[in-house]
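Colleague: Just so you know, the protein sequences line up as chains A and B, in that order.
With numbering that gives the first Met the number 0, letter number 177 in the first sequence gets 176, and the count goes up by one each step, no holes.
With numbering that gives the first Met the number 0, letter number 40 in the second sequence gets 39, and the count goes up by one each step, no holes.
I should point out that these hints are in silico values taken from the structure, not numbers from a laboratory.
Don't take every hint at face value.
[To be verified] Which bits of chain A does chain B cover? Going by a derived footprint, with three or more residues having C-beta under 8 Å, they are:
# : stretch
1 : 38–44
2 : 126–140
3 : 167–179
The C-beta atom is built at its ideal place from N, Cα and C for all residues, glycine as well.
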Amino acid sequence: MLIYWADDEYKIKLFGHTYFVFFPEWFYKFFHITHRLQEGMAFHFLFMWFFILNGVFYVIYTIISGEWRELVPQKKSFKEAWLVLLHDLHIRKMAPPQKKYNAAQRIAYTAIIVMGIGSVITGLAIYKPVQCYYLTWICGGYHFARILHFVLTLGYVFFFVIHIVQVFLAGWKNFSSVITGFEVVNNKPKPIIEKGHDEEKS
Amino acid sequence: MTKKKVKSPLTTEQKINRRTFLSFGVFGAAVAGGVFGWKWLYNSPDEVTAITGGTRVPLRRALNKTEIAVRRLFYSEKHLVKTYPKSMAAKNVRQNSDVGVESPIDLAAWKLQVTKGNGEKLLIGLEDIKALPKTEIIFDFKCVEGWDQIQYWGGLSFVDFIKHFNLDTETKMDYVGMETPDKLYYVGLDMDSALHPQTLLAYEMNDKPVPLNHGAPLRLIIPVKYGVKNLKRIGSISFSNQRPRDYWAELGYDYFLGL
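Using the sequences provided together with the hints, build the complete structure.
Modeller: Put into structure tokens, the structure is as follows:
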């Protein structure tokens, strides 16, 4: 965030009227981030490597393990995601049936990968706009690429907040399954009424 | 006779416990690694200010390595900065800093001092520079602070300057250093960027002589670098195999700041 310090460009302006300032004065004071652009840039250009490598390894893993099948949105996902949203907001009682991830998750987890690729491309486009001029051109020019890069960052903040809230709402068992990769479900054995039932099974 | 202990197969319960323990162990180690890694980095000492300064040692190492790696990957003098029609050039050209151009100056007496590799000094007057073919550029000037502006500059291209004043031997060296006459502002440039075909010693802005606050009588325009490298009011030029001193690199910025 330090990188956004120096020139206060980050506001939404339409027809000469400023509607929203992303980083007002109190924001800088509160986080003690005046005159720290060089520090922010230094961190930025180190952590971009972790960002890229993390993304690359994650995508490779999902491909090799076949997990991508659980993560990529299906045709019905877009319709279902709406129902999931209504359910999560307690407007609708039933959520559509799901496998490992629900429709909204599929969309979100795939979108974040697309966003990540977008951040790398727009990032390169503004990091080396002369050498990577073709990327800058694809991103609609230097100035627009900067805006895209910033909007994507807002997207991560939004994703992060929703994500953390959902993790808390889903509870400890769900979190534990995220770490271990499994969730223990103790089904109480149903009393057998008919003997024939057992034979059918075997 | 020794009896081999036969391990009994794990019960489901044991398997669950074991996997849970391992998973959380790895997760905990990753979290701890992240926390301590960040603390180590954040608390690592600043470099001793020499050519560069003001940045934590590991971050400086990363900056240098990254810039050089990325340059090796993408840099070509054939990659030109995008140019625009004159009509798009800003009338009010933005000016950010006064460092180096605040001292009084006698424009009539100004001479550009060039130190050659053998120590020989050349003194070049503005009229000698203006007598050579003029190159113009209208490009998007980019500031490290985030703003950019389309500006129109005219002057002598640095490559032409080198050729005319027989400085080819000097270009075998790795760096060019430029300083203001009062030596309060100074930049170091890698030779490749200095020799980029769009690098100018500019004496005109918007078709008129460069005004004082923009670096009269002669300033550097180097579109493959951020604005901070575009030194105003050049007093002296020198060549070296070591990185010349650089105002903002001493204050924590990346030394190269290439675009």
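Colleague: Against this structure, judge whether each hint is valid.
Modeller: So, going through the hints one by one against the coordinates:
1. 38–44: holds (count 5)
2. 126–140: Holds, because 8 residues of the stretch 126–140 of chain A bring their Cβ atoms closer than 8 Å to Cβ atoms of chain B.
3. 167–179: With 3 residues closer than 8 Å to chain B, the stretch 167–179 of chain A meets the three-residue bar; holds.
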